[in-house]
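Asker: Sequence:
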Amino acid sequence: HQNNTMENTAYLMRQNQSLLYAKSAEAFFSELLIQDANNAGGVDHLKETWAQPMPPFSIEEGSVSGRLLDESGKFNLNNLTNGEGIVNEDAKSWFERLLVRVGLPAELSQAVIDWQDPNDEPTGPMGAESSYYEGLDPGYMAANTKFHRIEELKLVRGFDGKKFDLIAPYISALPENSKLNINTASPLVLASMDEKLDIGAIERELQTRQQNLKFFQNVDELWQLNAFSAVDSQKKNQVNSLIDVKSSFFQAQIEVVLNNRKRQFTSA
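Mapped onto the numbering used here, the consecutive letters of the sequence shown carry residue numbers 144 to 411.
Some clues are possibly wrong.
[Unchecked claim] Straight-line Cα separation of at most 30 Å, BS3-like style, residue types lysine-lysine; simulated pairs: (1) Lys389 / Lys378; (2) Lys235 / Lys306; (3) Lys190 / Lys322; (4) Lys297 / Lys235; (5) Lys389 / Lys357; (6) Lys190 / Lys405; (7) Lys166 / Lys339; (8) Lys405 / Lys235; (9) Lys322 / Lys305; (10) Lys305 / Lys166; (11) Lys306 / Lys378; (12) Lys339 / Lys235; (13) Lys405 / Lys379; (14) Lys166 / Lys389; (15) Lys190 / Lys379; (16) Lys297 / Lys322; (17) Lys389 / Lys405; (18) Lys389 / Lys190; (19) Lys339 / Lys305; (20) Lys379 / Lys322; (21) Lys378 / Lys235; (22) Lys357 / Lys379; (23) Lys322 / Lys339; (24) Lys405 / Lys297; (25) Lys378 / Lys357; (26) Lys322 / Lys166; (27) Lys306 / Lys339; (28) Lys339 / Lys378; (29) Lys235 / Lys379; (30) Lys357 / Lys306; (31) Lys235 / Lys166; (32) Lys405 / Lys378; (33) Lys389 / Lys379; (34) Lys322 / Lys389.
[What the hints assert, rightly or not] FRET-style restraints, in silico, Cβ to Cβ: (35) Pro261 / Ser201: 48 to 58 Å; (36) Glu364 / Asp303: 33 to 43 Å; (37) Arg347 / Gly246: 15 to 25 Å; (38) Glu174 / Tyr275: 41 to 51 Å; (39) Ile177 / Asn320: 18 to 28 Å; (40) Glu250 / Gln178: 37 to 47 Å.
For the record, the hints were derived by calculation from the structure and aren't laboratory data.
For each residue, glycine too, the CB sits at the ideal point set by N, CA and C.
When you get a sec, could you build the whole thing from the sequences and use the hints?
Answerer: The following block contains the structure:
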């Protein structure tokens, strides 16, 4: 029994130590972002210091490593409605095109909006409120509030299993309405602005720009690229209200190895 207690104590101390190291790494990343905000002049891109992985640094009995991921380069699920549950039609259209790009039906947007909005009226034939979810086994209620984590989408009608995996890399669940950073967004998310866009052309043009260390200084520069020339002025106006060239939300992924045991921490 005594031995057991000592082992447990050692384990808890290791857990606490790991957490402390993770907190130190988090503080390091916070400092990086503060420096970036002071120096970057309102533009964030993936060649900046904050976007480079933190090389593992040695600690007694192990190492700490980590990286910052930009959450502003993904489609924010919480842009679909405002605080009162009123639908943002421009965001909804973009999300529906994103669903189609990854191979899902556009109508699934209805269930995502119903999950967030405060009422119990389905948005359309593919919508789903608590009455739908209560009929499942086991049953549960719709959240009727904003998403806190993208994993909640797995509970929403139409996003079970592999379907969630298709959309997951391209979405975020940020605490407030936010704009998408075109400097850090993937070609697929950018291609979802308009069904006419060719993802291959976007990939090639962005790759060339990045190799030449060229990044968007303002939103208008995006529309000057050949790959985006097919977008008409009405669509541009819809999209312009949803995009930016800087990021406001990041996620730190930190790995602590202590005594050959690996622990991973994520903080947003």
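Asker: Each hint should be assessed against the structure and marked as holding or not.
Answerer: Do the hints match the structure? See the list:
1. Proposed proximity of Lys389 and Lys378 is supported: the alpha carbons are some 21 Å apart, at most 30 Å.
2. For the hint linking Lys235 to Lys306, the alpha-carbon distance of about 18 Å falls within 30 Å, and the restraint holds.
3. In summary, the hint linking Lys190 to Lys322 is supported, as the alpha carbons are separated by about 20 Å, within the 30 Å threshold.
4. Straight-line distance between C-alpha atoms of Lys297 and Lys235 comes to about 19 Å, which keeps the hinted pair within the 30 Å bound.
5. Distance check on the hinted pair: Lys389 and Lys357 sit about 15 Å apart at the alpha-carbon level, within 30 Å; holds.
6. Restraint check for Lys190 and Lys405: the C-alpha separation of about 28 Å stays at or below 30 Å, so the hint holds.
7. Taking the CA atoms of Lys166 and Lys339, the gap is near 45 Å; set against the 30 Å cutoff, the hint is violated.
8. Using a Cα cut-off of 30 Å, the hinted pair Lys405 and Lys235 is violated, with the two alpha carbons roughly 40 Å apart.
9. Using a Cα cut-off of 30 Å, the hinted pair Lys322 and Lys305 holds, with the two alpha carbons roughly 27 Å apart.
10. Taken as a hint, the Lys305 and Lys166 pair is broken in the structure, with Cα atoms around 34 Å apart against an allowance of 30 Å.
11. A C-alpha spacing of about 28 Å is found between Lys306 and Lys378, which places the hinted pair at or below 30 Å, so the restraint holds.
12. In summary, the hint linking Lys339 to Lys235 is supported, as the alpha carbons are separated by about 17 Å, within the 30 Å threshold.
13. The hinted pair formed by Lys405 and Lys379 fails the criterion: a straight-line CA distance of about 47 Å is larger than 30 Å.
14. Simply put, Lys166 and Lys389 have alpha-carbon atoms about 25 Å apart, close enough for the 30 Å limit, and the pair holds.
15. The straight-line distance between the Cα atoms of Lys190 and Lys379 is roughly 27 Å, inside the 30 Å bound, and the hint therefore holds.
16. In summary, the hint linking Lys297 to Lys322 is supported, as the alpha carbons are separated by about 24 Å, within the 30 Å threshold.
17. Restraint check: the Cα-Cα separation between Lys389 and Lys405 comes to about 33 Å, which exceeds 30 Å; the hinted pair is violated.
18. Distance restraint check for Lys389 and Lys190: the Cα-Cα separation of roughly 13 Å lies within the 30 Å cut-off, and the hinted pair is therefore satisfied.
19. Taking the CA atoms of Lys339 and Lys305, the gap is near 26 Å; set against the 30 Å cutoff, the hint holds.
20. At most 30 Å may separate the alpha-carbon atoms for a hinted pair to count; Lys379 and Lys322 meet this at roughly 14 Å.
21. Taking the CA atoms of Lys378 and Lys235, the gap is near 13 Å; set against the 30 Å cutoff, the hint holds.
22. Distance hint between Lys357 and Lys379 is fulfilled; the C-alpha atoms sit about 22 Å from each other, no more than 30 Å.
23. The suggested pairing of Lys322 with Lys339 holds, with an alpha-carbon distance near 22 Å, which does not exceed 30 Å.
24. Restraint check for Lys405 and Lys297: the C-alpha separation of about 27 Å stays at or below 30 Å, so the hint holds.
25. A hinted pair counts as satisfied when its Cα atoms are at most 30 Å apart, and Lys378 with Lys357 qualifies at roughly 25 Å.
26. A hinted pair counts as satisfied when its Cα atoms are at most 30 Å apart, and Lys322 with Lys166 qualifies at roughly 28 Å.
27. Between Lys306 and Lys339 the CA atoms are separated by roughly 24 Å; this keeps the pair inside 30 Å, and the hint holds.
28. Pair hint Lys339 plus Lys378 holds up; C-alpha atoms about 11 Å apart against a cutoff of 30 Å.
29. Among the hinted pairs, Lys235 with Lys379 is consistent with the structure: their alpha-carbon atoms are about 15 Å apart, no more than 30 Å.
30. Restraint check for Lys357 and Lys306: not satisfied, since their Cα atoms lie roughly 35 Å apart, outside the 30 Å limit.
31. Taking the CA atoms of Lys235 and Lys166, the gap is about 37 Å. The hint is violated against a cut of 30 Å.
32. Restraint check for Lys405 and Lys378: the C-alpha separation of about 47 Å exceeds 30 Å, so the hint is violated.
33. At roughly 18 Å between alpha-carbon atoms, Lys389 and Lys379 fall within 30 Å of each other, so this suggested pair holds.
34. Among the hinted pairs, Lys322 with Lys389 is consistent with the structure: their alpha-carbon atoms are about 9 Å apart, no more than 30 Å.
35. The supplied range of 48 to 58 Å is met by Pro261 and Ser201, whose beta-carbon atoms lie about 51 Å from each other.
36. Between Glu364 and Asp303 the C-beta distance comes to about 40 Å, which sits within the given range of 33 to 43 Å.
37. Taking 15 to 25 Å as the suggested C-beta distance range, the pair Arg347 and Gly246 conforms, at roughly 22 Å.
38. Between Glu174 and Tyr275 the beta carbon distance is about 47 Å. The supplied range of 41 to 51 Å therefore holds.
39. Taking the beta carbon of each, Ile177 and Asn320 are about 24 Å apart, inside 18 to 28 Å as hinted.
40. At roughly 45 Å, the beta carbons of Glu250 and Gln178 sit within the given window of 37 to 47 Å.
When each numbered hint is compared with the structure, violations occur for hints 7, 8, 10, 13, 17, 30, 31, 32.
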